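J.: Residue-level listing of the chains:
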Amino acid sequence: MVWAIIAVGIISNINLMLLAKWFASPYSGKGYAGFVELFGERKVRLFSFIGMLFIFVKITVITLGYTEIIHQFVLPSIQREWLLAFLFAVGCYLAVKGMEKTIRFIFIAYLCSFWLILLYIPFFLPPIASIHDLYPIISMERDDGIWQGMLLIWASLSGPEYLICIGAWFSPRDKLLRPMAIGNALTIVEYLALFIASTLYFGPEYLRKSSYPVINMVRYLQSPIFERLDIMMICIHIFHYVFAIALLILLFYGSLRIIAGKAMKPASRSGFIASFMVLFLCMLIVYHWFWKSGTQGHFWPVLQVCFAAVSFLAVPAFMIAAVRIKGRA
Amino acid sequence: MSWRTKAALWAMAGILFVTPGCSSRDYNIIEEIAPIILWTIDQGQDGMLEISLLVPPLGREEKKMITLHTDLLKEGKKEFNRSYHRELKTGQKRVLFISEEFARQGMRPIIDTILADPKLSLRLYLAVYRGDLQGYLQKQIKKDPLIDYYIYRKFKHYESRSPGEMTVVNLHQYIKNLYSPLADPVLPVFQADQNDLTYEGTGLFRKDKLVSVLSRTEEQMFQLQYKNHRLQDLSLPELSVNVSDVHVKPDWKVDRRQARVTINMEIRCRIEEYHGNKDLLDPAQLDELNRNIGAYMDKQTVSLFKKMQELKVDPLNMGSYASGAFQSRIERKDWQKEWPQMKVAVHYKTFMEPLTNSLSGSR
Numbered sequence: 001m002v003w004a005i006i007a008v009g010i011i012s013n014i015n016l017m018l019l020a021k022w023f024a025s026p027y028s029g030k031g032y033a034g035f036v037e038l039f040g041e042r043k044v045r046l047f048s049f050i051g052m053l054f055i056f057v058k059i060t061v062i063t064l065g066y067t068e069i070i071h072q073f074v075l076p077s078i079q080r081e082w083l084l085a086f087l088f089a090v091g092c093y094l095a096v097k098g099m100e101k102t103i104r105f106i107f108i109a110y111l112c113s114f115w116l117i118l119l120y121i122p123f124f125l126p127p128i129a130s131i132h133d134l135y136p137i138i139s140m141e142r143d144d145g146i147w148q149g150m151l152l153i154w155a156s157l158s159g160p161e162y163l164i165c166i167g168a169w170f171s172p173r174d175k176l177l178r179p180m181a182i183g184n185a186l187t188i189v190e191y192l193a194l195f196i197a198s199t200l201y202f203g204p205e206y207l208r209k210s211s212y213p214v215i216n217m218v219r220y221l222q223s224p225i226f227e228r229l230d231i232m233m234i235c236i237h238i239f240h241y242v243f244a245i246a247l248l249i250l251l252f253y254g255s256l257r258i259i260a261g262k263a264m265k266p267a268s269r270s271g272f273i274a275s276f277m278v279l280f281l282c283m284l285i286v287y288h289w290f291w292k293s294g295t296q297g298h299f300w301p302v303l304q305v306c307f308a309a310v311s312f313l314a315v316p317a318f319m320i321a322a323v324r325i326k327g328r329a
Numbered sequence: 001m002s003w004r005t006k007a008a009l010w011a012m013a014g015i016l017f018v019t020p021g022c023s024s025r026d027y028n029i030i031e032e033i034a035p036i037i038l039w040t041i042d043q044g045q046d047g048m049l050e051i052s053l054l055v056p057p058l059g060r061e062e063k064k065m066i067t068l069h070t071d072l073l074k075e076g077k078k079e080f081n082r083s084y085h086r087e088l089k090t091g092q093k094r095v096l097f098i099s100e101e102f103a104r105q106g107m108r109p110i111i112d113t114i115l116a117d118p119k120l121s122l123r124l125y126l127a128v129y130r131g132d133l134q135g136y137l138q139k140q141i142k143k144d145p146l147i148d149y150y151i152y153r154k155f156k157h158y159e160s161r162s163p164g165e166m167t168v169v170n171l172h173q174y175i176k177n178l179y180s181p182l183a184d185p186v187l188p189v190f191q192a193d194q195n196d197l198t199y200e201g202t203g204l205f206r207k208d209k210l211v212s213v214l215s216r217t218e219e220q221m222f223q224l225q226y227k228n229h230r231l232q233d234l235s236l237p238e239l240s241v242n243v244s245d246v247h248v249k250p251d252w253k254v255d256r257r258q259a260r261v262t263i264n265m266e267i268r269c270r271i272e273e274y275h276g277n278k279d280l281l282d283p284a285q286l287d288e289l290n291r292n293i294g295a296y297m298d299k300q301t302v303s304l305f306k307k308m309q310e311l312k313v314d315p316l317n318m319g320s321y322a323s324g325a326f327q328s329r330i331e332r333k334d335w336q337k338e339w340p341q342m343k344v345a346v347h348y349k350t351f352m353e354p355l356t357n358s359l360s361g362s363r
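Residue numbers (our numbering), protein chains in the order written: chain A, 1 to 329; chain B, 1 to 363.
Nothing false has been slipped in among the hints.
Which residues of chain B face chain A? A partial, calculated answer using Cβ under 10 Å:
id	residue
1	THR19
2	PRO118
3	LEU122
4	TYR179
5	ALA183
Cβ pair distances, simulated, as ranges:
id	chain 1	residue 1	chain 2	residue 2	range
6	A	SER171	B	LYS89	51 to 61 Å
7	B	PHE17	A	SER270	24 to 34 Å
8	B	MET48	A	GLY159	47 to 57 Å
9	B	LYS249	A	SER77	47 to 57 Å
If you're looking for bench data, these hints aren't it; they were derived computationally from the structure.
Computed from a predicted structure; not experimentally measured.
All residues carry an ideal CB built from backbone N, CA and C; glycine is no exception.
Go ahead and model the full structure; you've got the sequences and the hints to work with.
T.: Put into structure tokens, the structure is as follows:
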């Protein structure tokens with residue numbers, strides 16, 4: 001599985017090179033006007049509609065997944081719907097500040113959560129670790145789980161394709177390939193570290209049976225100051241999730257405006273509040289009646305994995321193809 | 001934002017901070033709960049379980065031991081809550097003793113129950129006991145009410161600070177070996193009678209059933225092979241010598257094609273006590289003693305491995321050495337067939353630290 005993660009990382013780097021080519025083209029900096037120039041208004045509305053579906057699935061699964069984790073590990077006695085409401089409210093507070101402030105929030109989200117990987121250092125040292133648990137490093141036999149694992153990693157690496165929606169906020173001189181490649185490499189290193197740490201801790205057989213292995217590992221660590229390090233870790237991740245929710249809310253609102261044909265007019269606060277009320281109601285409905293957690297099945301996470309994988313694969317290639325066709329015509 | 005909006009937002013935030021304390025599900029007032037540290041499980045009559053708990057005192061109460069007879073483990077909690085005036089809280093459980101009869105029958109139902117409890121920490125220490133642990137605890141709590149806490153501290157001490165004295169296994173290590181296809185778990189075994197609780201040896205398990213307890217010499221050899229490869233004191237009464245501070249560098253090679261296991265151990269230690277006839281200031285006799293120690297340990301280790309092969313257990317996880325980095329893992333059924341047939345060759349190289357206050361060094 002180790003080589004599988006590295007292989008997926010290399011492929012996604014190639015994908016990011018395609019995406020960087022899009023940002024080098026003149027259409028990317030113009031925002032909505034650039035898309036209209038490229039495709040024509042009706043097609044942009046159609047893509048917006050499809051994109052809205054993708055965004056809705058993504059934001060639903062991200063928020064509800066995190067709410068489940070909070071409900072299971074941190075605050076089991078508060079009703080789950082209230083947790084969802086609080087989390088969504090914080091996301092909305094950030095989104096109301098506007099797209100620029102939301103984009104800048106990524107600094108805080110990154111600084112607060114990137115060092116959590118250092119918590120996993122004790123799992124690489126003996127006596128917990130023994131190198132023989134990692135064998136075989138390159139497995140010669142066919143293993144169906146490998147393909148599902150690779151799909152999962154590919155979907156987890158997805159996300160940069162949403163950058164095309166906020167291309168208008170980047171300055172035209174920015175060359176995006178190097179930062180994206182560095183980000184990709186860091187993400188792959190983090191996934192590798194987490195995978196190796198959890199294999200060393202659980203052993204490969206037991207790992208398949210454990211739910212939330214990454215959080216349960218942190219419960220094993222002892223420190224003289226805190227008894228429950230995993231609660232701290234889950235709570236620090238809220239910055240990361242709030243950023244994702246806020247960005248997706250803004251993109252959802254933008255796509256609603258495009259579909260309604262009001263893209264050229266300035267954004268109104270009441271319209272914005274209406275859009276996230278709608279989004280919240282939809283999520284609440286999904287949570288109450290359609291969400292299955294734990295042993296009941298993994299329908300929504302699997303759906304999100306498929307959507308994210310498709311969007312990460314299709315979007316950069318599609319954009320580059322459109323620019324080429326337009327250039328030729 | 002006007003000051004009114006700000007004030008309203010701050011008031012809402014304040015209320016938000018206060019509400020978690022009003023939760024009605026986890027209500028922990030210290031006078032009304034009984035967090036227990038140590039509990040024991042035994043086989044009672046008619047297939048019922050006998051669970052004994054040491055209930056912590058509050059104020060002027062005496063510490064008590066409560067024994068419950070139940071069918072299922074979690075029923076014990078219900079029984080306890082019905083009969084005692086405080087609610088049982090499981091989050092502080094630190095030590096679990098399991099009787100030998102129960103361990104020989106298979107511990108899987110207990111382990112599955114324990115795993116399913118989200119409040120139990122994975123650092124719960126497990127141990128097997130033989131004898132009358134309940135009688136021992138009943139007697140001790142009169143003399144020393146903190147006995148359960150001291151037992152927990154003993155386990156904690158031998159886990160981290162003083163390697164090689166006794167095996168200390170916590171729940172996570174036990175379960176990891178239980179679920180790994182090639183290795184088998186081990187647990188420490190204690191002998192309890194009216195006045196003492198002594199460490200007997202390491203209990204070898206075949207998956208979740210206890211099969212054997214090691215004797216003294218076997219135990220010492222096992223400590224050298226297991227985990228930290230250190231032993232504080234190695235007594236060899238047949239050679240009338242006691243060496244201390246033993247460090248071992250192991251080198252295990254498993255050759256499947258020739259069905260052979262080769263173990264080369266390099267030992268560094270120091271002679272502490274010698275009651276024999278040799279004159280230790282004479283380098284030739286010291287060498288002879290070194291070689292005798294090496295040969296004796298060779299023989300004992302080979303017999304330990306033979307015992308493990310006969311019982312068909314693999315507590316040292318030799319199976320993972322059977323395949324290299326780029327080969328596929330050996331299957332459990334293959335390893336179970338091959339392990340008992342392997343020839344084990346052990347070779348010790350002993351390096352003695354120089355004796356203090358003597359002119360002759362040692363090689």
